[in-house]
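Heads up: the protein sequence lines correspond to chains E and H, in order. Just so we're aligned, residue 1 is where the first sequence starts under the numbering used here, counting upward by one. Just so we're aligned, residue 1 is where the second sequence starts under the numbering used here, counting upward by one.
It should be emphasised that the hints constitute simulated quantities derived from the structure, not laboratory data. Any given hint could turn out to be false.
The list cannot tell twin chains apart, which means a pair is met if one copy fits it or any two copies do.
[To be verified] Restricting the straight-line Cα-Cα distance to at most 27 Å, the calculated cross-link-like pairs of lysine-lysine (BS3-like) are:
{"id": "1", "residue 1": "K397", "residue 2": "K214"}
{"id": "2", "residue 1": "K366", "residue 2": "K37"}
{"id": "3", "residue 1": "K182", "residue 2": "K23"}
{"id": "4", "residue 1": "K23", "residue 2": "K149"}
{"id": "5", "residue 1": "K339", "residue 2": "K234"}
{"id": "6", "residue 1": "K76", "residue 2": "K63"}
{"id": "7", "residue 1": "K414", "residue 2": "K207"}
{"id": "8", "residue 1": "K28", "residue 2": "K149"}
{"id": "9", "residue 1": "K178", "residue 2": "K214"}
{"id": "10", "residue 1": "K23", "residue 2": "K178"}
{"id": "11", "residue 1": "K76", "residue 2": "K37"}
{"id": "12", "residue 1": "K383", "residue 2": "K99"}
{"id": "13", "residue 1": "K178", "residue 2": "K28"}
{"id": "14", "residue 1": "K76", "residue 2": "K311"}
{"id": "15", "residue 1": "K149", "residue 2": "K362"}
{"id": "16", "residue 1": "K149", "residue 2": "K311"}
{"id": "17", "residue 1": "K173", "residue 2": "K37"}
There are 2 protein chains.
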Amino acid sequence: MQEKLERKLASGSLNFESFFSEKALQMKASEIRELLKLVETSDVISLAGGLPAPETFPVDIIKKIAEEVLTEHADKALQYGTTKGFTPLRLALARWMEKRYDIPMSKVEVMMVAGSQQALDLIGRVFINPGDVVIVEGPTYLAALNAFKYYEPEFVSIPMDHDGMRMDILEEKLEELKRAGKRVKFVYTVSTFQNPMGVTMSLERRKHLIELAKEYDFLIVEDNPYSELRYSGKPVPPIKHFDDEGRVLYLGTFSKILAPGFRLGWIAAHPHFIRKIEIAKQAVDLCANTLGQVIAWKYVEGGYLDEHIPKIIEFYRPRRDAMLEALEEYMPEGVEWTKPDGGMFIWVTLPEGIDTKLMMEKAVAKGVAYVPGEAFFAHRDVKNTMRLNFTYVPEEKIREGVRRLAETIKEELKRA
Amino acid sequence: MQEKLERKLASGSLNFESFFSEKALQMKASEIRELLKLVETSDVISLAGGLPAPETFPVDIIKKIAEEVLTEHADKALQYGTTKGFTPLRLALARWMEKRYDIPMSKVEVMMVAGSQQALDLIGRVFINPGDVVIVEGPTYLAALNAFKYYEPEFVSIPMDHDGMRMDILEEKLEELKRAGKRVKFVYTVSTFQNPMGVTMSLERRKHLIELAKEYDFLIVEDNPYSELRYSGKPVPPIKHFDDEGRVLYLGTFSKILAPGFRLGWIAAHPHFIRKIEIAKQAVDLCANTLGQVIAWKYVEGGYLDEHIPKIIEFYRPRRDAMLEALEEYMPEGVEWTKPDGGMFIWVTLPEGIDTKLMMEKAVAKGVAYVPGEAFFAHRDVKNTMRLNFTYVPEEKIREGVRRLAETIKEELKRA
Chain E
1 MQEKLERKLA SGSLNFESFF SEKALQMKAS EIRELLKLVE TSDVISLAGG LPAPETFPVD
61 IIKKIAEEVL TEHADKALQY GTTKGFTPLR LALARWMEKR YDIPMSKVEV MMVAGSQQAL
121 DLIGRVFINP GDVVIVEGPT YLAALNAFKY YEPEFVSIPM DHDGMRMDIL EEKLEELKRA
181 GKRVKFVYTV STFQNPMGVT MSLERRKHLI ELAKEYDFLI VEDNPYSELR YSGKPVPPIK
241 HFDDEGRVLY LGTFSKILAP GFRLGWIAAH PHFIRKIEIA KQAVDLCANT LGQVIAWKYV
301 EGGYLDEHIP KIIEFYRPRR DAMLEALEEY MPEGVEWTKP DGGMFIWVTL PEGIDTKLMM
361 EKAVAKGVAY VPGEAFFAHR DVKNTMRLNF TYVPEEKIRE GVRRLAETIK EELKRA
Chain H
1 MQEKLERKLA SGSLNFESFF SEKALQMKAS EIRELLKLVE TSDVISLAGG LPAPETFPVD
61 IIKKIAEEVL TEHADKALQY GTTKGFTPLR LALARWMEKR YDIPMSKVEV MMVAGSQQAL
121 DLIGRVFINP GDVVIVEGPT YLAALNAFKY YEPEFVSIPM DHDGMRMDIL EEKLEELKRA
181 GKRVKFVYTV STFQNPMGVT MSLERRKHLI ELAKEYDFLI VEDNPYSELR YSGKPVPPIK
241 HFDDEGRVLY LGTFSKILAP GFRLGWIAAH PHFIRKIEIA KQAVDLCANT LGQVIAWKYV
301 EGGYLDEHIP KIIEFYRPRR DAMLEALEEY MPEGVEWTKP DGGMFIWVTL PEGIDTKLMM
361 EKAVAKGVAY VPGEAFFAHR DVKNTMRLNF TYVPEEKIRE GVRRLAETIK EELKRA
């Protein structure tokens with residue numbers, strides 16, 4: 001297949017490159033995606049992916065609802081929808097967020113998008129001028145960097161610890177940026193069970209962040225795909241809960257609480273922002289897929305969502321525990337990792353001097369894969385970290401994968 | 001609802017506008033969409049929409065396939081997919097295009113997108129530098145103008161007649177642009193049963209367009225959502241059929257041959273172009289909805305698509321006939337219209353001096369709505385035209401709608 005494609009590529013007499021826009025010429029395929037393609041075809045234990053386990057998909061519920069929707073609502077479910085999304089679903093989500101997070105419905109409007117990835121792109125489109133400062137966590141969700149990058153912001157990266165983004169450092173940076181006359185448009189945070197670290201921003205820091213947003217007049221983009229996947233500890237309200245001015249744009253998704261195949265996410269934000277994002281979305285794809293939206297509506301409205309979340313939690317908790325135990329058992333001294341209360345990822349930090357990207361080949365040779373941490377940093381300036389996923393692979397494989405990884409690291413440490 | 005929203009908008013203490021990007025500040029809601037919202041709540045006969053009739057949706061087939069897919073392929077259908085799309089569907093579409101249009105599979109790669117609207121946006125992103133010339137039909141599909149506009153091209157609009165884009169005028173324009181040292185990136189055409197005119201580019205002109213593309217070194221974006229909806233006359237091969245170099249990017253969609261609610265379209269193009277568009281799509285939404293893709297795969301592969309197309313045709317043909325007959329019967333002298341062999345639209349031209357946008361209010365007062373033609377022209381410089389849709393409204397209503405419209409026009413002519 002690859003070979004055939006290469007032949008096709010070579011056969012052209014056209015100068016293909018000459019047609020691309022300047023920005024398109026800068027676009028590069030994600031190296032990690034390319035790397036993972038290789039891994040997925042071998043018998044390597046991959047702790048690299050970011051996929052939910054298909055065992056957590058509520059297939060029977062979806063089947064039942066799909067049958068119902070196609071019997072009773074086919075006209076609507078198969079037709080074009082409005083750009084903002086299917087109104088009953090938007091209302092159901094607003095009610096659900098009010099109940100679950102105490103975010104008053106009267107303060108937000110909900111708009112449906114094609115997965116929260118699309119929300120990131122639309123937010124880039126609507127808010128970022130070239131040169132505007134976008135503040136991100138260091139490390140942060142790499143596809144957010146990828147989405148924002150097109151709009152040419154200046155990224156400023158704030159270090160993380162076990163309580164999330166370091167507010168003291170953020171404050172210093174904000175002061176510095178202010179003195180330099182730079183405009184900060186927003187802070188982007190995966191506030192709970194962060195991707196890639198698994199850590200959660202503390203209650204105190206959430207409040208602090210809102211205060212800083214007011215003081216320095218910026219917005220907060222709160223990306224919250226994981227907070228329902230809590231295996232231990234006490235829930236913390238979303239930052240949006242503390243927002244009394246409309247500074248927080250909240251992103252939710254069905255990918256982890258229903259299934260990613262629906263490509264459905266939502267933005268909950270002030271109507272003034274939603275109105276503009278709606279206009280932007282109209283130009284890029286008219287509306288999110290309607291069939292998926294009508295199914296998702298029944299899923300939320302019928303109480304299936306609330307019923308199903310505990311089952312996902314029960315399925316993932318042993319996997320998280322297995323990974324934490326294996327790390328404890330196998331990892332040599334000098335290796336550190338986060339202990340997430342939820343989500344999908346654990347973040348591992350090796351002694352300085354070890355480059356996890358260079359180490360990858362050796363790990364794969366030993367039969368295990370991970371994501372080198374470098375790509376999660378806006379400036380790619382940290383080399384000794386990696387992200388491990390514990391949701392996709394069963395417990396025994398997690399143990400064996402971590403064992404192989406520890407072995408690789410030990411050899412690497414010896415060499416260093 | 002509207003009132004409540006206005007209150008919400010007014011209540012903010014934030015300076016919302018100050019956060020928007022320069023480009024977002026330029027974004028305007030489509031006036032037509034706003035207009036149609038009003039119409040849809042009244043008992044006006046709307047010939048304005050662009051919706052397929054829900055009676056043409058193959059609901060029973062979709063139900064059967066959905067059941068099957070969720071029983072046999074749930075793991076895949078509910079999981080994240082690759083950015084290029086579900087491979088069996090991509091292959092099935094490539095085979096289908098080879099069989100149906102004689103476009104050799106070996107020459108194209110098929111990539112799935114979130115409706116062909118997304119293809120337009122991605123093509124803008126990948127090909128247009130600010131100031132690049134994009135040549136469009138005058139009139140053209142207005143959402144294409146909307147998608148491309150973000151990327152700041154210079155639009156050049158080529159007049160149309162009953163055989164599509166005027167190649168003689170195109171050639172003159174190309175020569176002129178060449179002398180002015182301007183770069184033409186691509187010609188955008190809805191080649192068959194055009195939106196909004198309903199006309200089809202003749203065979204001869206298709207070949208001529210390819211020759212001009214070679215001579216002046218530009219690409220062709222062929223948007224082909226309607227060609228399967230042929231009610232009379234002989235099929236013409238897509239322009240892509242004549243493309244031996246990879247200059248044509250072909251856009252297909254399931255919206256008119258399955259249902260719009262899936263939000264599924266495809267691009268068939270040279271692998272070199274597909275590779276770049278794939279990278280662009282990765283940043284904007286990762287992948288198209290997988291459940292829809294797996295259902296669409298069974299729909300094509302199982303032969304349902306080929307079985308279903310004749311049924312859609314039989315459903316729409318009487319509606320087109322009814323509109324043509326009513327126009328013949330009711331319209332006063334001086335009014336002209338196209339006689340499409342297929343598609344969804346008829347284009348009406350009134351005597352010069354009548355502004356259909358200004359006339360709209362009177363038409364609505366008489367109980368009929370249409371889309372004023374102005375917005376379909378890149379430079380909004382033609383005022384005396386309108387688009388009528390004949391797929392959504394039943395025959396009797398079409399007759400009555402055209403009668404009311406003719407009455408409005410007669411009064412307007414008397415006044416003029």
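Each hint tested on the structure:
| no. | hint | result |
| --- | --- | --- |
| 1 | K397 with K214 | neither (47 Å within a copy, 56 Å between copies) |
| 2 | K366 with K37 | within (17 Å within a copy, 61 Å between copies) |
| 3 | K182 with K23 | both (24 Å within a copy, 19 Å between copies) |
| 4 | K23 with K149 | both (10 Å within a copy, 16 Å between copies) |
| 5 | K339 with K234 | within (14 Å within a copy, 68 Å between copies) |
| 6 | K76 with K63 | both (18 Å within a copy, 14 Å between copies) |
| 7 | K414 with K207 | neither (45 Å within a copy, 68 Å between copies) |
| 8 | K28 with K149 | both (11 Å within a copy, 24 Å between copies) |
| 9 | K178 with K214 | within (14 Å within a copy, 53 Å between copies) |
| 10 | K23 with K178 | between (29 Å within a copy, 24 Å between copies) |
| 11 | K76 with K37 | between (38 Å within a copy, 17 Å between copies) |
| 12 | K383 with K99 | neither (42 Å within a copy, 52 Å between copies) |
| 13 | K178 with K28 | neither (33 Å within a copy, 32 Å between copies) |
| 14 | K76 with K311 | between (31 Å within a copy, 20 Å between copies) |
| 15 | K149 with K362 | neither (31 Å within a copy, 48 Å between copies) |
| 16 | K149 with K311 | neither (37 Å within a copy, 47 Å between copies) |
| 17 | K173 with K37 | neither (38 Å within a copy, 47 Å between copies) |
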